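Visitor: Fit chain S to the supplied structure of chain Y, relying on the hints for placement.
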Amino acid sequence: MQIKDEIYKFFGGIKPNGHKNISTLNPIKKISIPKKLIIPVRQHVGKMPNIIVSEGEYVLKGQLIAEPVTNVSAATHASSSGKVISIKKEDIPHPSGLPDMAVTIETDGKDKWIELEKFQTSKLSIETLLEKMRFSGIVGLGGATFPTHIKLNINKINTLIVNAAECEPFITCDDMAMQEKTDDFLLGIKEVMNLIKIPQAVIGIEENKPLAIEKLSKSIADDNSISLKVIPTVYPSGDEKRLIYLITGIKIAKEKRPAEYGIQVFNVATLISIARFFNHGEPVISRIVTVTGNVKKPNNYEALIGTPINELLRDAGGDTNKEIIMGGPMMGFKLPSTNIAVTKAMNCLLTITDEMENKPSYEMPCIRCTKCVDVCPAQLQPQELYWHAKSSQFEKLTNDYKLFDCIECGCCSYVCPSNIPLVQYYRYAKSEIREQKQSLDIADIARERNDFRLLRIDREKRERAERNAQRRSQVSEDDKKKLIDEKKAAIEAALNRTKEQNL
Amino acid sequence: MIASILILLGITLIIGITLGYASIKFKTEGDPIVDKIDKILPQTQCGQCGFPGCKPYAKAISNGEADINQCPPGGDEGIHKLAELLGVEYKPLNAEHGEPKPKSIAIIDEETCIGCTLCIQACPVDAILGAAKQMHTIIEKECTGCELCLPPCPVDCIDMQVIPETTDNWKWKYPIFKINQKNKHAN
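Residue numbers (our numbering), protein chains in the order written: chain Y, 1 to 503; chain S, 1 to 187.
Isolated chain Y (complex conformation):
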């Protein structure tokens, strides 16, 4: 595929104030090892991994604490050395606010690494490498947390697109990582290209990151296989399908994956962790988190997975009583409490600013201005989706208005003059529809099992009747007479007995 210089602008999108400069003034700060690490066992999309440590056990930094159970599952590791003090349900960063299993480690401060396996990628087969990756804990660190080894188990990819757009306001963790970990980042790109034989890579980066652009363009100057494409700052250019269109002009059809078009997209932080794993054997045990918004010293932190977010907020001078959003202001969600630890998906902690707080939270009626239509990057009819979701007309939503093409980017809610939380209506409708579909499947199984049971009962009845008939027919006429006579005699005898007794 030939990548042209042209930028293919996608439909819709918005240009909100980025607020990015506030957190890029200082270099990434390492947060010291906390006393307690609360490591949620499942930090990825897919099956819950199997916990393989027990309470009281001493674990080393980088030691596997939960292993993946199926292919769509990922591993979890201890991020520092210490003693496992509890394995129970803890608060996790999830929009539901429901707790989930977590391993709590009391750190000993020694930060002692487990012996890491160093391997030469060129000498091993791709199958072995992917199997090793399954235990590396590498997942999509852009926020989707899809296990990376599955995305690499695909042939015939001709273009690697690096998602360095980071289009959401406030978030700067990828920007800073590209500036400070340029070598690891480029190494990660090379590793992925070598692994699944991709001839070219394109880094898609928004023009609001001049320092990273400058540094990268210098570093890749004499490399023909990696190119840099500076794209305009329009939200949501970091959405996978939007980014592919911006760079290649290819529109990925509904329900298709980029891999079917020979394209695979990876996030900056994911590539850095791939480089760390392939060259040092390091699993994912830390990540860069932007702490910004209503804090005194907004900054990027490199924190161990499992570090309580309070430590980060305290260092940044944040008000822990304020509501905190995980992710950006567009797609993030409010954290249920501050008693939560850093996870692989946590790219940003945003404390609510006064501007956000003063925005009226109540919803006014839809005035049918269709401003939302003009900004919807999926080219849907957000107002129609809203009306039908509000009145729970789910069939129409899926069939006529293509609700499931909605990427929940929040552009419609952003421009809505009536302050309608449109995306929340879509999320509600989507989860209702998913549940309905699931219960239909369950009903189908129940129907099948009930039908089979009735069939079985019927068959057993018939078979019993047949057996009885057969037995009866085997008895000869004389025997029958004999039997009847015997019975008659017995009855007679009984009657006589009663008569005698009555007398």
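Calculated directly from the structure, the hints in this document are not laboratory data. On a predicted model such as this, the values are computed, not experimentally measured, just so you know. Ideal placement from N, C-alpha and C gives every residue a C-beta, glycine not left out. There could be a bad hint or two in this list.
Claimed, not checked - Residues from chain S that face chain Y, not an exhaustive set, calculated with beta carbons under 7 Å: (1) Pro-42; (2) Gln-43; (3) Gln-45; (4) Pro-124; (5) Val-125; (6) Asp-126; (7) Thr-167; (8) Trp-170; (9) Lys-171; (10) Pro-175.
Stated by the list, open to error - Simulated DEER-style distance windows between Cβ atoms: (11) Y:Asp-458 with S:Ser-4: 56 to 62 Å; (12) Y:Pro-99 with S:Lys-141: 22 to 28 Å; (13) Y:Ser-439 with S:Pro-175: 20 to 26 Å; (14) Y:Lys-9 with S:Lys-91: 35 to 41 Å; (15) S:Glu-111 with Y:Arg-459: 31 to 37 Å; (16) S:Asp-109 with Y:Ser-125: 47 to 53 Å; (17) Y:Pro-232 with S:Lys-91: 53 to 59 Å; (18) S:Met-135 with Y:Ile-114: 41 to 47 Å; (19) Y:Glu-67 with S:Asp-109: 31 to 37 Å.
Guide: Below, chain S alone, put in the same frame as chain Y:
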């Protein structure tokens, strides 16, 4: 005159043959309306409607022997769907047949179970595993929560447990907003 009679005769013949052929070729097995109703019913096979299962209830509805509001597990949504399918007015759920309950599954207390197999015989979807004088257990995935295994149990060792909300089955809720007292705009 004769020509027009022949033409008409010819047309009727052709149509007659086509219709006759179509009725044989495209004959539908079973009663499609019963299947459509059955598809809407939740298949718990609980019998709360007064019929011995979902299919018999579906048949009764299609024959006009039963009303559409007798299925508590199907709930309001189910009644709406049935009303739409059959082109009749919606009716609220008939309370005589019970109230809708949160989804639950049966759990056997394995300490108390004596292995009498009575619950196995009662289960409409064969979701209980066990043998005589052996401990029984429920296949959770297959249990429809019909509660039919509760009355036959002589030692009362079966409990209904509401399926708890976890991060796996959690759903986004309908947006409801608290009116913010401090908010000066919200007068």
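Visitor: If a hint holds in the structure, say so; if it does not, say that too.
Guide: Tested hints:
no.: 1; hint: Pro-42; result: holds, 6 Å
no.: 2; hint: Gln-43; result: holds, 4 Å
no.: 3; hint: Gln-45; result: holds, 5 Å
no.: 4; hint: Pro-124; result: holds, 5 Å
no.: 5; hint: Val-125; result: holds, 4 Å
no.: 6; hint: Asp-126; result: holds, 5 Å
no.: 7; hint: Thr-167; result: holds, 5 Å
no.: 8; hint: Trp-170; result: holds, 4 Å
no.: 9; hint: Lys-171; result: holds, 4 Å
no.: 10; hint: Pro-175; result: holds, 4 Å
no.: 11; hint: Y:Asp-458 with S:Ser-4: 56 to 62 Å; result: holds, 59 Å
no.: 12; hint: Y:Pro-99 with S:Lys-141: 22 to 28 Å; result: holds, 24 Å
no.: 13; hint: Y:Ser-439 with S:Pro-175: 20 to 26 Å; result: holds, 23 Å
no.: 14; hint: Y:Lys-9 with S:Lys-91: 35 to 41 Å; result: violated, 54 Å
no.: 15; hint: S:Glu-111 with Y:Arg-459: 31 to 37 Å; result: holds, 36 Å
no.: 16; hint: S:Asp-109 with Y:Ser-125: 47 to 53 Å; result: holds, 52 Å
no.: 17; hint: Y:Pro-232 with S:Lys-91: 53 to 59 Å; result: holds, 57 Å
no.: 18; hint: S:Met-135 with Y:Ile-114: 41 to 47 Å; result: holds, 43 Å
no.: 19; hint: Y:Glu-67 with S:Asp-109: 31 to 37 Å; result: holds, 33 Å
In this structure, only the earlier hint numbered 14 is contradicted, and the remaining ones agree with it.
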